[in-house]
Amino acid sequence: MQQIYSRSVNILKRFTENEGNSMFCIYEPGVITPWDYLQTVRFYGFITDLRLRVDIESIPEKPLPDLSVTQSRTERLSAMRDMEWNNERKEIGLFLETSGHPITKIASIALLNRVPYYHVNLMPYFTDNAVINVANDARIHACIEDAGFGLLQGQDEVVIFGSVKEEVTTLPEDERRIEFCQPYNFTVGTQSIQLLAANPNRLQATIVNRHTSAQVFLNYGNTATNGAGICLLPNGGSYEINRTNPYQGVVSAISSVSGATLSVLECV
0 MQQIYSRSVN ILKRFTENEG NSMFCIYEPG VITPWDYLQT VRFYGFITDL RLRVDIESIP
60 EKPLPDLSVT QSRTERLSAM RDMEWNNERK EIGLFLETSG HPITKIASIA LLNRVPYYHV
120 NLMPYFTDNA VINVANDARI HACIEDAGFG LLQGQDEVVI FGSVKEEVTT LPEDERRIEF
180 CQPYNFTVGT QSIQLLAANP NRLQATIVNR HTSAQVFLNY GNTATNGAGI CLLPNGGSYE
240 INRTNPYQGV VSAISSVSGA TLSVLECV
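With numbering that gives the first Met the number 0, the residue at position 152 of the sequence shown is 151, and numbering never jumps.
Calculated directly from the structure, the hints in this document are not laboratory data. Worth double-checking, as some hints may not be accurate.
[What the hints assert, rightly or not] Heads up, simulated SDA-like pairs for lysine to any residue below, C-alpha to C-alpha not over 20 Å straight-line:
(1) 61 - 154
(2) 104 - 76
(3) 164 - 53
(4) 61 - 164
(5) 164 - 8
(6) 12 - 71
(7) 12 - 2
[Unchecked claim] Pair ranges (Cβ atoms, derived):
(8) 147 - 12: 47 to 55 Å
(9) 21 - 196: 35 to 43 Å
(10) 9 - 256: 34 to 42 Å
(11) 230 - 177: 22 to 30 Å
(12) 212 - 102: 55 to 63 Å
(13) 136 - 12: 14 to 22 Å
(14) 235 - 5: 45 to 53 Å
(15) 147 - 15: 15 to 23 Å
The structure presented is a predicted model; accordingly, all values stated were derived computationally and were not measured. No residue lacks a Cβ here, since even glycine has one placed at the ideal position from N, Cα and C.
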């Protein structure tokens, strides 16, 4: 049976003069952890809100044009365009990248001085829909660009922020699950002993040092060496073999003192 896993994440990237004209990834779908029983590598992203906060002080303030009710829609749009693109301004570029295509510019946005600040809705630059669908191999980038009036300076600040719902659909899988576990107790001294024999069915093994002062050293192989290998500290130091670091061979152990007790759980 298919299942859908979802989570909410936020987009937040702040640009100041310190960022210069460097390009930054502002969003890519999150990675699915390797120990989850899922069939994909990354979530799919559904951006529900994406905005730009603009606070520019390093260029002269530009007032809004005086629009008349008698002006046509074309005249009003032309006046707004001239205000944005025919005066001093900063610019920010938006880019899209996928696994099959390099970073490609999607849009340039003029950044003006309007007291105290203003917001720009970035959603229409990517889609006419209510949500921006981001594939699991896609990234959205942004960078400040020099439009002939310099980059951000002084107290200039531009912030991209938004919200994303990420989802992944899991498929049925035939991966073998743990069916049985066998517990053991071992007393380890200063001579190497074998804790676990090779076991092709091993899915997990957990080893815990129960001694109050001894250090125990593990090795993948027939012989462990004192002071080398995987160190289990006293009072509960532990190590686990599992699906993220599978190993089905021999495990050996040695202790810094005699009489160290280990608790071992092997699962198949």
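Hint check results:
1. 61 - 154: Given pair residue 61, residue 154 holds - Cα atoms ~17 Å apart, limit 20 Å.
2. 104 - 76: Given that 20 Å is the threshold and the Cα spacing comes to 24 Å, the pair is violated.
3. 164 - 53: It is violated: about 25 Å lies between the C-alpha atoms, which goes past 20 Å.
4. 61 - 164: violated, 37 Å
5. 164 - 8: holds, 6 Å
6. 12 - 71: Between residue 12 and residue 71 the Cα gap is close to 38 Å, so the pair fails against 20 Å, i.e. violated.
7. 12 - 2: violated, 32 Å
8. 147 - 12: 47 to 55 Å: Taking Cβ atoms as reference, residue 147 and residue 12 lie about 24 Å apart, which means the hint is violated.
9. 21 - 196: 35 to 43 Å: Violated, since residue 21 and residue 196 (Cβ atoms, about 55 Å apart) do not stay within the stated range.
10. 9 - 256: 34 to 42 Å: 51 Å Cβ-Cβ, so the 34 to 42 Å window is violated.
11. 230 - 177: 22 to 30 Å: Because 27 Å falls inside the window, the suggested range holds.
12. 212 - 102: 55 to 63 Å: holds, 57 Å
13. 136 - 12: 14 to 22 Å: holds, 20 Å
14. 235 - 5: 45 to 53 Å: violated, 36 Å
15. 147 - 15: 15 to 23 Å: For residue 15 against residue 147, whose Cβ atoms are near 20 Å apart, the range 15 to 23 Å holds.
The structure fails to meet hints 2, 3, 4, 6, 7, 8, 9, 10, 14 from the earlier list, while all remaining hints are met.
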